[in-house]
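Going down the list, the protein sequences come from chains Y and D. Sequential numbering from 6 applies to the first sequence in the numbering used here. Sequential numbering from 4 applies to the second sequence in the numbering used here.
Be careful, since some hints might not be right.
[Stated by the list, open to error] No farther apart than 30 Å at their CA atoms in a straight line, the calculated lysine-lysine pairs in the DSS-like style are these: (1) Y/K93 x Y/K154; (2) Y/K138 x D/K145; (3) D/K268 x D/K36; (4) Y/K154 x D/K187; (5) D/K187 x Y/K103; (6) D/K126 x Y/K115; (7) Y/K115 x D/K268; (8) D/K268 x Y/K103; (9) Y/K100 x D/K78; (10) Y/K138 x D/K126; (11) D/K78 x D/K36; (12) Y/K169 x D/K126.
It is worth saying that the hints were derived from the structure and are not from the lab.
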Amino acid sequence: MIYGSRFVAIVSMLTVINAYAEGTIQARAEALVREAFAGATPTEWDERLRQDEAQRLCSLHRNTPPAAIAHQLLEAQQRTLRYPANGKLMGDWRKGEKLAAIGTGGHIGKIQPDRPGIPRGGNCYACHTLATKEIAAGNLGPSLTHFGKLRGVSPEMVKYTYEKIFNAQAFHPCSMMPRFGHNSWLTPEEVADAVAYLLDPESPVNQ
Amino acid sequence: MTTWRRTSVLALLAALATPSIGDDNHVTGEINKYRQMLQEGNPAELQELRGEELWTTPRGPRNATLEQCDLGLGKGIVAGAYAQLPRYFADADQVQDIEARLTYCMITLQGLTRDEATQGWFKPNSDMEALVTYVATHSRGKAIAIPQAHAREREFVALGEEIFNRRAGPLDFSCATCHSQGGKRIRLQELPDFNTNKSAQSSMITWPAYRVSQSAVWTTERRLIDCLRQMRYPDAAYLSPAVIALESYLQHQARGGVMEAPGIKR
Numbered sequence: 006m007i008y009g010s011r012f013v014a015i016v017s018m019l020t021v022i023n024a025y026a027e028g029t030i031q032a033r034a035e036a037l038v039r040e041a042f043a044g045a046t047p048t049e050w051d052e053r054l055r056q057d058e059a060q061r062l063c064s065l066h067r068n069t070p071p072a073a074i075a076h077q078l079l080e081a082q083q084r085t086l087r088y089p090a091n092g093k094l095m096g097d098w099r100k101g102e103k104l105a106a107i108g109t110g111g112h113i114g115k116i117q118p119d120r121p122g123i124p125r126g127g128n129c130y131a132c133h134t135l136a137t138k139e140i141a142a143g144n145l146g147p148s149l150t151h152f153g154k155l156r157g158v159s160p161e162m163v164k165y166t167y168e169k170i171f172n173a174q175a176f177h178p179c180s181m182m183p184r185f186g187h188n189s190w191l192t193p194e195e196v197a198d199a200v201a202y203l204l205d206p207e208s209p210v211n212q
Numbered sequence: 004m005t006t007w008r009r010t011s012v013l014a015l016l017a018a019l020a021t022p023s024i025g026d027d028n029h030v031t032g033e034i035n036k037y038r039q040m041l042q043e044g045n046p047a048e049l050q051e052l053r054g055e056e057l058w059t060t061p062r063g064p065r066n067a068t069l070e071q072c073d074l075g076l077g078k079g080i081v082a083g084a085y086a087q088l089p090r091y092f093a094d095a096d097q098v099q100d101i102e103a104r105l106t107y108c109m110i111t112l113q114g115l116t117r118d119e120a121t122q123g124w125f126k127p128n129s130d131m132e133a134l135v136t137y138v139a140t141h142s143r144g145k146a147i148a149i150p151q152a153h154a155r156e157r158e159f160v161a162l163g164e165e166i167f168n169r170r171a172g173p174l175d176f177s178c179a180t181c182h183s184q185g186g187k188r189i190r191l192q193e194l195p196d197f198n199t200n201k202s203a204q205s206s207m208i209t210w211p212a213y214r215v216s217q218s219a220v221w222t223t224e225r226r227l228i229d230c231l232r233q234m235r236y237p238d239a240a241y242l243s244p245a246v247i248a249l250e251s252y253l254q255h256q257a258r259g260g261v262m263e264a265p266g267i268k269r
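Make a model of the complete structure from these sequences and hints.
This is the structure in structure tokens:
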């Protein structure tokens, strides 16, 4: 039994190392990353540093993969989509508004971790303009002002918006946008709240 | 001085609250004005003076100064050294940045342990903060030109480029996510684009920099390790080759930029 699990551990380690051929610049960079984060726990390594196949391929191709790989990535990411247990893809825009503004949460380490219990948000305003009353909005992503007003609130639009926030790479291979739902940064219910913030006619985004 | 500075902060806040600022240029213009005002009395000068004293005062079990430390341009030569780091040092057989090199000198010349040499590197008022500020100040007016003659130096730039583009973590971020396009901001914070020489220069010429929000001068390693923290990674090891490789890549992208450090930041 112990022998077996050790065997599995060795095999999975080899898989990671063999992701890049020995001696390539990528393999050498991986070795440096491992060394720099030698202090991370195995869980931290798995959840925060080890690349999944999408991250690895997007990095390797500088986020513009060749068509065949882009197609393969898109299909794999589409299979990751999950939905709230209650089936409601549009939640509460007021909760979504809070999530959109919160930039805290998820900071670890000894130097400057988050205070315990601090909320974790989607931090949409870091990259997008949403409600026009919030002037401190970033521009890494496109403006989403009047998102619902411009597109309507059809079931197709609700589904698209939900899936896009859940996993932007299911639509655009190597999108810069975090895969909020897929990476379990937000719960499916929280993603639905963000959908409401974008689509609900009452939401400040559509005023 | 304090009152004056408080007034300028209030002026900035008032400017930010003005309704006319949907306009990006106006906002960043006000921030730049505030930055210029602070530049006239950069608190980093205190660290520079403290650093000079640390450089010239005998310390450690060997009771030696750092004046025999070779920062790459010869023993004891401080002028212009920062602008040519990181570089390969044959004595250490490593590519070192200023922080790794100072640590090496404190260990070999003064007999300090690594822990003693790097004590509190992430806290305000550390010896490292002061020494780096001192050395960097003496590269003002010098162009960034990290050597690329040695194979290891070229390798570090290439490794740094890989690490810069390496996506990972719960937000799928790499450095490139925020720093590979021009004219981008997180909230109102402007982001350097390290894919272009000019934008990379505008950033790298200002580090180390006094950070108003931290009341401390941040070294380049301090800054980069904090970027990784914001990407939700665990703490990267101080002086680790990955961080120095990243720094090599950024310095290489910024080659030719004329040093203005210590800068002043939010």
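Outcome of the hint check:
no.	hint	result
1	Y/K93 x Y/K154	holds, 20 Å
2	Y/K138 x D/K145	violated, 44 Å
3	D/K268 x D/K36	holds, 12 Å
4	Y/K154 x D/K187	holds, 26 Å
5	D/K187 x Y/K103	holds, 24 Å
6	D/K126 x Y/K115	holds, 12 Å
7	Y/K115 x D/K268	holds, 24 Å
8	D/K268 x Y/K103	holds, 28 Å
9	Y/K100 x D/K78	violated, 61 Å
10	Y/K138 x D/K126	violated, 37 Å
11	D/K78 x D/K36	violated, 40 Å
12	Y/K169 x D/K126	violated, 41 Å
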